[in-house]
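Engineer: Single-letter residue listing:
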Amino acid sequence: MTAVLDVRGLPPCEPFERILAALDALPAGQTLEALLAREPLPLFAWLGDNGFGWEGDHLRLDGQPCYRIVIRRAA
Amino acid sequence: MQLISTHASPSPRQSFGHFLAGIAGMALAAALLAWEPAALATRWHPAALAAVHLCALGGLMPVMLGALFQFVPVACGLSLPDAGRIEWLRLAALEAGAVILATGFVQGRADAIAAGGTLALASLAWSAARLLRALHAQPASTALPRAMRRAALALAMTLALGGVLVGILRLGGELPFLALVDWHAQWALAGWVGGLILAVAGVVVPMFHVTAPYPARWEQLTRALPWLVFAAGAGSLAAQRWLTTVAVAALCALAAGFGVLSILRVRASRRGERDAFHYGWLGAGLFALLAGATGLAAQVAADPRWSVAFGVIALGGLGGITITVMLYRIVPFLIWLHWQRANRARARLPLLHQIVPARPQAWQLGTEAVAVGGLALGAFLPETVCLAAILLFFSKSAQFFLVCRAIREFSARLRVLQALPPRPRAAH
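Keeping their order, the protein sequence lines are chains A and B. The letter at position 25 of the first sequence is residue 49 when you use our numbering, and the numbering goes up by one with no holes. The letter at position 33 of the second sequence is residue 37 when you use our numbering, and the numbering goes up by one with no holes.
Read the hints as simulated data drawn from the structure, not as lab findings. Just to be clear, a hint being listed does not mean it is correct.
Stated by the list, open to error - One-sided and incomplete, this derived list gives chain B residues near chain A with beta-carbon spacing under 7 Å:
no.	residue
1	81
2	170
3	212
4	214
5	275
6	340
7	341
Cβ atoms here follow ideal geometry from the backbone N, Cα and C, with glycine treated the same way.
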């Protein structure tokens, strides 16, 4: 199952905070899909340090560019 | 995608050291103007030249470099390896060079100007090479690294021309000294400071104000900036005044355009707060607009006082205020980010606006803007210079204190976070 979190339109560091809170509550085996206004470069280092894997891609939603990241806890 | 190792990037303490040194450099420039208010009678007054170099080399430059240490990896996703202790030595050389250079101007000593200039040049050549290497060694997929490359090339041009000027002072020569001084200043102010502000604002304004990005066509227009600076100097060196006037007018239009677009974006911000950051960016936009207007007046009017007013507004207003308002986001963001990396206990952290208190920020920014306005007015009303310079000195001292307090809070909380046990993972 995938939990979805849309944090576009939030000022820094709220997207980071909300993604971390969602990851804290993420059940084992599930993934978190987050939509952000831009590529969250500082988040990548945190995810790597804390044992998470992720995949991301740039896309357009509602005519605006955004970034989708799918995060899973590394096995 | 490529993962950048931010752990190998310069430590936040290096950036903080650069910020404090830069704020102190700007306070020193203000103190010099308070001591010698006649400095703003003409742009060629020795104390004016000294204050300009103290502000630009000893003030704005360290802050810009300190911010870039973090901005290049975090915002551009490019690797900028930590240079360790060399970076502290380089900062010391830059500050010492700025002070010796300023002393040389005030005392009219060519040997001190050459020595200070050489020291600052050597320090900055290292930084420019390191920055250009980081920006060119990796593919740039977005507009930001490309804009930063243009700014870094402008820094390289500024340094090259600064080296030529030091060489002329030391060895003599038949080169057109005044035209080269102007070109050096144009590369520094428009190419490097202006170029970097345009690049960074393109990310910071939409992200932190939660507003629309600058138009794509605007980004295309800003690519002309280094060519316009090149044309301004080429026109002057080739005695083609029309070319210089057209190029300078276009540069002024870019500055004014940036001001208008920034004000429109900040006014349309979807962020709720109307705080120092909000009004600070409106002020930065206004100073960009004023820089465009006074720059044009300085180019076309016979009255040399417009050049002084333009210099104050461009350096202290567009450069100084924009950098000050950015610092009030960069410092808390850096602190928060490094706390979060150490926060294995997942403890609740202060919000960005709580790290540097909002009310003192607003007072500091407000007094700095009034002081810069007073100094610009001083080109026409010399009696305002001393008071405005004293106000600027106290405003920068207050900022120094605010940043120091935030850094002390950073260190204290970091130690606490590092000592806390990791939070157990949720089991479901």
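Engineer: State for each hint whether it applies.
Structural biologist: Comparing the hints with the structure gives:
no.: 1; hint: 81; in the structure: holds, 5 Å
no.: 2; hint: 170; in the structure: violated, 39 Å
no.: 3; hint: 212; in the structure: holds, 6 Å
no.: 4; hint: 214; in the structure: holds, 5 Å
no.: 5; hint: 275; in the structure: holds, 5 Å
no.: 6; hint: 340; in the structure: holds, 6 Å
no.: 7; hint: 341; in the structure: holds, 6 Å
Against the hints set out earlier in the document, a violation occurs for number 2 only.
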